[in-house]
Amino acid sequence: MAVTDIKLHHEIVVHGHDDHHDEHHHKESFISKYIFSQDHKMIAKQFLITGIFWSFLGVLMSVLFRLQLAWPGETFPIMETLLGKWAEGGILTPSGYYSLVTIHGTVMVFFVLTAGLSGTFSNLLIPLQCGARDMASPFLNMLSYWFFFSAGLVMFISLFIETGPFGGGWTAYPPLSALPQADPGSGAGMTYWILSMSLFIISSLLGGLNYITTVLNMRTKGMTMMRLPLTIWAFFFTAILGVLSFPVLLSSMILLLFDRGMGTSFYLSDIYIAGAPLTNVAGEVLQGGSPILYQHLFWFLGHPEVYIIILPAMGMVSEILATNSKKPIFGYKAMVLSILAITVLAFLVWAHHMFISGLNPFVASIFVLFTLLIAVPSAIKVFNWIGTIWRGNINFTPAMLFAIGFVSLFISGGLTGIFLGNSALDITLHDTYFVTAHFHIVMGLAGGFGLLAGVYHWFPKLFNGRMMNNTLGYVHFWVTFVGSYCIFWPMHYQGMTGVPRRYYSLEYFQTFDIYGDLKVFITVAAIIVFFAQFLFVINFFYSAVKGKKMTSLNPWNSTTLEWTSPIEPGHGNWVGPIPHVHRWAYDYGKDGHEFIPQTVSDDQMRAQGLKVTESGH
Amino acid sequence: MSTISVKKRTPNIHPKKFGLWLGLGSIIMMFAGLTSAFIVRQAQGNWTPYKLPDLFWASTIVILLSSLTLIVGERAIKKGDSLLYRRMVGLTFLLGIGFAVLQYYGWLALASFGIILQGNDPSGAFLYVISGIHVVHVLAGLLFLAVFYFKTFKKTDAAEQLINDMKPEKFLGIELLSTYWHFVGVLWLYLFFFFQYYQ
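Chains as they are written, first to last, in the numbering used here: chain A, 1 to 617; chain B, 1 to 199.
Keep in mind that a hint or two might mislead.
[As the list claims (entries may be wrong)] The list that follows gives simulated cross-link-like pairs (lysine to any residue, SDA-like), each with its CA atoms no further than 25 angstroms apart:
| hint | chain 1 | residue 1 | chain 2 | residue 2 |
| --- | --- | --- | --- | --- |
| 1 | B | Lys17 | A | Trp146 |
| 2 | B | Lys16 | A | Lys549 |
| 3 | B | Lys16 | A | Gln38 |
| 4 | B | Lys167 | A | Trp146 |
| 5 | A | Lys461 | A | Phe534 |
| 6 | B | Lys170 | A | Phe534 |
| 7 | B | Lys16 | A | Phe534 |
[Said to hold, decoys possible] Example chain A residues on the side facing chain B (calculated, C-beta under 10 angstroms, incomplete):
| hint | residue |
| --- | --- |
| 8 | His104 |
| 9 | Leu244 |
| 10 | Pro247 |
| 11 | Leu250 |
| 12 | Ser290 |
| 13 | Val407 |
[Unchecked claim] Residues on chain B that point at chain A, a partial pick, calculated with CB under 8 angstroms:
| hint | residue |
| --- | --- |
| 14 | Leu34 |
| 15 | Ile39 |
| 16 | Arg41 |
| 17 | Ala43 |
| 18 | Asn46 |
| 19 | Val129 |
Quick caveat, the hints were computed from the structure, so don't treat them as lab data.
Model, not experiment: these values are computed from the prediction.
Every residue gets a Cβ at the ideal spot worked out from N, C-alpha and C, and that includes glycine.
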């Protein structure tokens, strides 16, 4: 009873504003509305659709190199169709294989899980959930997307140049990345790669500056920091991580450029090819550099980068779990503090990627300590998610399933992180499939599941109140969830026997044959999961145009502000004044009410004769 | 409608100023990365020591002077003295050019000692690259100084002037610019003492 009353009241208020809808609209040209748009909602869509494009390309690459791993030497005509001279006669060449692995990693980490995830949802949700008309600087926000687009364009062009794209791994360690003679892709391909990454860094910085400024300065009246939904906290700390760590990657790239083109030797030392020492542009033997220096600079970004990927997913999952269990988030303050703790610790653990690079073992032990410390805030978050859905009145929407899937994956992948964080165990496990399995589950899949959960949940806010098809969503979830575990779970076993990652072919190592056709099983699962994603993309584009329109403003009975904006919000988000906020974002099940929107004050409730206790938030 | 009293928020810094400070933070991180790379690499040996050319003292004084002239200019425009403002912005621009030229001659002096960019020993390369990236940041500031200088010649009619004067953010542009300019000055001061100490 009480619930419907609140909803009624809630919609009447908004409907009143709706009447004036048309007056506030000014005409926009096609270009200013769809292309060089400064509306954060359109920019979010641009990030998302570009991200989906890159994710299909990136995952397709992984399917192609999985074919080579499962059936080395077998001919696949499709490979030659797609890759041309890199798979002459349908057999993938080693250089082609390494380029596929490299570009798969780069594209998935940066273009899909950084830009596609935090670019999309920071843009969509920060103004809508904070109660702002747009970002602090819509213009810089637009630039942020177009820098990302250009980064993608440069990377895309590099796939078609004669010497092929870069093939030295997504971490671009020198000397592979510094010496053009190391690999066909290390010449022009690497130059394109650096250019693309530099554009991407600028894009991330512009975006991050905007996100932080907007969260701190443009919240609506009554929206104190401790009333913010956890999504916003997560985006906020993600942006801080990006703003502080991406510039360091830029400086490592600048030094790399000098090594490649100007004859310096920041990273190069004592390289012998076929017995002859390598010389630089000036004709001297290369001796002065330190490849480990690059690793330090790279991982100072590279490690925060994995939290840049996972924090937004964590934030969205928290929000989706609370909304669909109709229970307040368990331990809100602990959640905020654990995000903060993860952000701080993220900067203190980078050398755990370098345990076997010759790092001083005493230094390593400090990094082991900090690495294992990250397990504490991570575990707090996991327990709080489980506490949130515990005995909740759960509504299993596709978004909710993906959010629960995220928690499952985060636990599975997080546990193997404890193994890898030990420098002693890392001696055996480093650069094996165990590592591949670990980071794909905890970062790749979990980040991807967070992204998908977010798309299913906020789709009506992206596409004018249209909903995605649930049945397709359920099939998509179950195939992806089961299939993903089938891909990456067996990789742990491979890794524990020492199967090295990144190898072109394992057929000459008899010791790795003990698992029989396991690698074939993995590849088949990968192909199935890849094709299941078409269900998503069909659902996505069909629903964006023809999907069922939602009938109320608030389809998930959520408390947050984005569900008070009109079904088809214009630029400016709210018609009439921006709603004020009177409570925190998680008043679910309070005093017997299913949910109380943030915009409803205790006085309004009492005026309607509804029972409500003073809110502590 | 509501009578619940909400805790009043403290007056906020302008979002653009705040954004600029964040941007400066990311520039700091970039130079922190570069200078810590310098320290780490130096500790590994195979490092030719050198004496920093005296010209860098001159360039340091020039860039500090340019901060001073910009402070005078900013005060002038806030008091309504647009002629002094124009002269001071122009002078700051010239001093900035002077800094960049002095840095260039400083590099030439260093090269004449045999410390060059290329080669196996990156002690010189670090200095060239780090101070080079700093000069790029100075050049970006110079671009804006030039824009602000030419803007002072723009004719505005009385009505337009009145509207401009009433804007609460009429000094925002120059405030942002001077924050940035002082920042690159202080950044050079840090780099200068860093190079002096670790040379």
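Tested hints:
no.	hint	verdict
1	B/Lys17 - A/Trp146	holds, 23 angstroms
2	B/Lys16 - A/Lys549	violated, 38 angstroms
3	B/Lys16 - A/Gln38	holds, 17 angstroms
4	B/Lys167 - A/Trp146	violated, 31 angstroms
5	A/Lys461 - A/Phe534	holds, 22 angstroms
6	B/Lys170 - A/Phe534	violated, 53 angstroms
7	B/Lys16 - A/Phe534	violated, 42 angstroms
8	His104	violated, 27 angstroms
9	Leu244	holds, 5 angstroms
10	Pro247	holds, 4 angstroms
11	Leu250	holds, 6 angstroms
12	Ser290	holds, 6 angstroms
13	Val407	violated, 32 angstroms
14	Leu34	holds, 5 angstroms
15	Ile39	violated, 11 angstroms
16	Arg41	holds, 6 angstroms
17	Ala43	violated, 10 angstroms
18	Asn46	holds, 5 angstroms
19	Val129	holds, 6 angstroms
Of the numbered hints listed earlier, those contradicted by the structure are 2, 4, 6, 7, 8, 13, 15, 17.
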